Amino acid sequence: MMSRRNLLAAALIAPLLLLVLVSFIVPLGATLYRAVDDAEIPTILPQTTALLKQWDGKGLPSEQTYQSLIAELREAQEQQKAGPVLNRLNFEETGLRSMLLQGLRASSRFTGSTKEGLIALNPRWADPHFWGLVKRSTGPWTPLYFLRSVDLKLGPDGAVVPTAEEEAVFVKLFVRTFEISLVVTLICAVLAYPVAYTLSILPQVWTNIGIMLVLIPFWTSILVRTTAWFIILQREGPINALLVSLHLVDQPVTMIFTRFAVYLAMVHVLLPFAILPLYSVMKGIKPDYMRAAASLGAPGWRRFLRIYLPLTMPGVAAGALMVFMLSVGFYITPALVGGSGDQMISYFIAFFTNTSVNWGIAAALAALLMGMTGILVAIAWLLVPGFRAGGVRV
Amino acid sequence: MMKSKLFVSTLTSLLLACALPSLASARDLMVVGFGGGFQDNARKHLFQGYATEKGVKVTDDVYNGEMAKLYSMVKSGDITFDVIMVEAPEMVRACEDGVLEKLDWSLINKDKFIPGGSSTCGAGAVGWGVSLFYDQARTPQGPANYADLWNVQKFPGKRSLRSGAKMTMEIALMADGVAMADVYKVLATPEGQKRAFAKLDELKPHIVWWKSGAQPLQLVGSGEVAYAVGYVGRTIKATEGGAKYPVQWNTLLFSFDYWSVVRNSPNKAEAMKLVNFMTDEKPLMNLAQDWAVSPATASVANNPDVIKKNPGMVASHSKEGLFISTDFWVENGADLEAKFNAWVAK
Amino acid sequence: MTASTILPARQRPTTGRLILYSVTSVLLVFLVAPILVVFPLSLSSGELLVLPTPGYSWRWYADFFSSQRWLLATYNSFVVGILTTLIATSLGTLGAIGLYLGRFRGKAFVLALLSLPMVTPVIVTAIALYFSLSAVGLGSTLTGLVLAHTVLSVPYVLLTVLASLQSFDPNLLRASASLGANPIQSFYRVVLPLITPSVATGALFAFATSFDELIVALFIASPDQFTLPRQMYAGIREFLSPTIASAAVLIILLSVLLLMVNETIRKRAARHTLPSTHRTP
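From first to last, the protein sequence lines stand for chains A, B and C.
Read the first sequence against our numbering and you will find it ends at 417, with the numbers running on by one and no gaps.
Read the second sequence against our numbering and you will find it ends at 348, with the numbers running on by one and no gaps.
Read the third sequence against our numbering and you will find it ends at 312, with the numbers running on by one and no gaps.
What the hints contain is simulated information worked out from the structure, not anything from laboratory work.
A few of these clues could be false.
Computed Cβ-Cβ distance ranges for the label pairs, DEER-style [unchecked claim]:
hint, chain 1, residue 1, chain 2, residue 2, range
1, B, D292, C, V57, 51 to 59 Å
2, C, P83, A, E116, 53 to 61 Å
3, B, E193, C, G86, 54 to 62 Å
4, C, Y52, A, E259, 33 to 41 Å
5, B, K310, A, H152, 36 to 44 Å
6, C, S53, A, S318, 43 to 51 Å
7, C, R220, A, N29, 36 to 44 Å
8, C, A93, B, N288, 14 to 22 Å
Listed below are the simulated DSS-like cross-link pairs for lysine-lysine, each with C-alpha atoms no more than 30 Å apart in a straight line [unchecked claim]:
hint, chain 1, residue 1, chain 2, residue 2
9, B, K275, A, K104
10, B, K112, B, K341
11, B, K206, A, K195
12, A, K195, B, K341
13, A, K176, B, K59
14, B, K104, B, K160
Chain B is nowhere near these chain C residues, computed Cβ spacing over 10 Å in every case [as the list claims (entries may be wrong)]:
hint, residue
15, Y92
16, G170
17, F199
18, S209
19, L284
20, K298
Please read these numbers as outputs of a predicted model, since none were measured by experiment.
Idealized CB from N, CA, C, for every residue including glycine.
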């Protein structure tokens, strides 16, 4: 039985819940589904799909299957629908696109058996492995995209095997993404500590000024700040001009399009997120504790280590977590100031979405990124005490 | 009071939100190209030329050749582009994939093009090319060919190449001593592709990759890189503007761009007519007055005055440069671009 | 309050303290200096984004205000920002009140669900919205952008308002109920005035989030829907000119304005609620 109070509560929450469900949860779910969805071939080549379902996988499929594949592909091509099929198979194994197109073009000249004609054209048509691939792609789901995003694939016999060395890149990218994020988080936490501490002990006037200096970048667009770094770090930019004029270097130093630039700009963008929660925690620590410790004769560093540091840990944790979660999804900053070897997984999600139009792999990478981040955040949530207390943005 | 305000504001915003798409649906004819000086001049002579003649509104925009927008548009049925300028292999693939309309040759005169200037979904627009260039004001004597570009001892400094397999693979092979005529023969083999990547490995630490056509000029102009491979048309324009970036025609790689009509465009017939207009002799002759255009329309491409006035026409230098094979990239594009991206990210 | 009251062992600036102050100063300069760099650049009389500038002029501001693209982007940013703010603030505030009022199981789960957009990597949200919005024909529309920005900013409103609601003394509500007010009246009279500052903060945050947002716009906006950050990004990629710096300056000034408004609200609220916070333990 719902109380009046809960009824009212539900009515108040409903619109928000509906919004978040419809325009976030459902899209997210649909994206995850896209990572395993494999409906192209069954939709465009229904008859071939049905025939292959009957094929036992041993030897070669029937003449009818060959004919059906060619006929359905031709029809799809006339209706300009063949692309998804060709791309799907080519993603399974490079070269299948051209093999199918070649077969399609030649088949109009066949007089006898389509099967024999195709085999004469290219011996791969007589390879049961090829038909195994096609059969495997007849949906409705495929693990292919998820396997690919961790540099694995299905071998001819259906066993999971590593991808070719020149195509294996995603594990490396995930490692790089988390490495960059962890380094940035660490730097931010270390740098935020003295700043937040100073701000918490300064006279109010100075604190206000200091907080303003933290809040201004906090409120300023990330793109604006990244652009600023893009300008500053140029070869003929102000930093190099300064270094050269002070005779610290003879030649301008290359700073932009490097990992250094990525770290610098990311730390700049994210440092306020680490300072602010830490500051509010430090501000809330009663001087009594420290006074008590002092009166007990504990030396300064010991007081700090045993009392102050543990008391401020929730602030450190909240700030670090915020920084980490934001870092993991960074896209703009590495894209603008980083080199090709400094791009994070976001860059590839964008690449497969926008440039290479392989939405399956983009979705799988996104799902993995989200899952891994979720796991790391959950670990932090469980391990770091008091993290929940300080997690609200100032 | 607060509550009623909230209610009113929610209502207003929802109403406004509903009104927005209907406002957006009545739109002008939209042409999308690669930007730069060509598009500035095309706007004047081609887009607005058509607009004035037919009394319709034409607007234009810029993209970097990324095809996904097109695919998602066609998939969702929310078509915001009508006419689009596409590179040849992308045009052929997009045509097969069904995101471009088959051109209506009753609205477009097929006979006016140079051989190869028309295809199922594309009407030849302009020739374009890339070449090696550098700022002579900074570097009086730079690399004269692609083998030199790889010589970092003799020619120190960063280099900028287009981030993509197309053109970069060819350049790597030429730098490795493959003759121009054999480039695609070598590149078609797995060993050839390995060879190209191995050559690129050598130069990788010295390369800054560009994505949009404006970047190589900016990178060279700001001294960020010493040498770059960039679009010839833009380089020539910069030189006319006072920069010293001479085009080295022996390093030319060239191809043609096509005008295509986006599948299911709500302005399909109008779009076809615009494509026909943009490939007609008269507007192209006007365009040629302002821009070193290298059209696929035979009467303009072969016009001696145009050739004389535009020494930078890529067609006039076709003997010196490498024609970027459309067939090769239709066949191998998806695969090599994926390999390239994996390679470049490592 | 002075430094000495916090840490009694250190009565006067010591070497350690001096190091601490200098480190802090350096870091504060590091935070602000890059933002200041764009100011002289935006006033450059030259064509290139280099310092020192060859001279000073307003030409890039003139360029900004005479460019169709930048003006459209500014207009779009404000339309999207204002609509986002209105929707996110109304729904977020109502939802926070609902969560505060409700006594049901799974409340924590609902809260987690509603704040999920905040902890999801933006790139994931961006492609999810890109796929879905284009599937329902909202791909290249301002409506789609407003929906996306609302989803991204609504958790901030929700959490800010919820936090301020939770800091109230529930006795106030009981008192008002005992005086014969029904729950709606109690909220209207007691709670709403008290949470107004946090609603305002949430609204400002929602606006700032939308005004800043680039990644979603990168995926779902066609040129007609370009917002200021999206146009700026196109500028960096396509036509790098000091106009970008002048756009940046205008964006910075607006951000500082929003910040000032927010600080004023906070200070006012702190003054008003001081007695009540003193009462609650």
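Hints and how they fare:
Between B/D292 and C/V57 the C-beta distance comes to about 53 Å, which sits within the given range of 51 to 59 Å. A beta carbon spacing of about 58 Å between C/P83 and A/E116 agrees with the range 53 to 61 Å that was offered as a hint. In this structure the hint that B/E193 and C/G86 lie 54 to 62 Å apart at CB holds, the actual value being about 58 Å. Remark: the range hint 33 to 41 Å for C/Y52 to A/E259 is upheld by a beta-carbon distance near 34 Å.
In this structure the supplied range 36 to 44 Å is violated for B/K310 paired with A/H152, their Cβ-Cβ distance being about 59 Å. In this structure the hint that C/S53 and A/S318 lie 43 to 51 Å apart at CB is violated, the actual value being about 30 Å. Checked against the hint of 36 to 44 Å, the pair C/R220 and A/N29 fails, with Cβ atoms roughly 22 Å apart. Between C/A93 and B/N288 the CB atoms are about 30 Å apart, so this pair departs from the stated range of 14 to 22 Å.
Taking the CA atoms of B/K275 and A/K104, the gap is about 25 Å. The hint holds against a cut of 30 Å. Among the hinted pairs, B/K112 with B/K341 is inconsistent with the structure: their alpha-carbon atoms are about 37 Å apart, more than 30 Å. A threshold of 30 Å between alpha carbons decides the hint, and for B/K206 with A/K195 the separation of about 18 Å falls inside it, so the pair holds. Note on A/K195 and B/K341: the hinted pairing holds, with a Cα-Cα distance of about 15 Å set against a maximum of 30 Å.
The suggested pairing of A/K176 with B/K59 is violated, with an alpha-carbon distance near 51 Å, which exceeds 30 Å. The hinted pair formed by B/K104 and B/K160 fails the criterion: a straight-line CA distance of about 44 Å is larger than 30 Å. For C/Y92, the requirement that its beta carbon stay farther than 10 Å from each beta carbon of chain B is met, with the minimum near 22 Å. Annotated as non-interface, C/G170 brings its C-beta within 10 Å of a C-beta of chain B; the closest such distance is 5 Å.
With a cut of 10 Å on Cβ distances, C/F199 stays outside the contact zone with chain B, its closest approach being about 16 Å. At roughly 23 Å from the closest C-beta of chain B, the C-beta of C/S209 stays outside 10 Å, upholding its exclusion from the interface. Non-interface call for C/L284 relative to chain B: holds, since the shortest CB-CB distance, roughly 26 Å, exceeds 10 Å. The beta carbon of C/K298 is kept farther than 10 Å from every beta carbon of chain B, the shortest such distance being approximately 21 Å.
Comparing the model with each earlier hint shows violations of hints 5, 6, 7, 8, 10, 13, 14 and 16; every other hint is respected.
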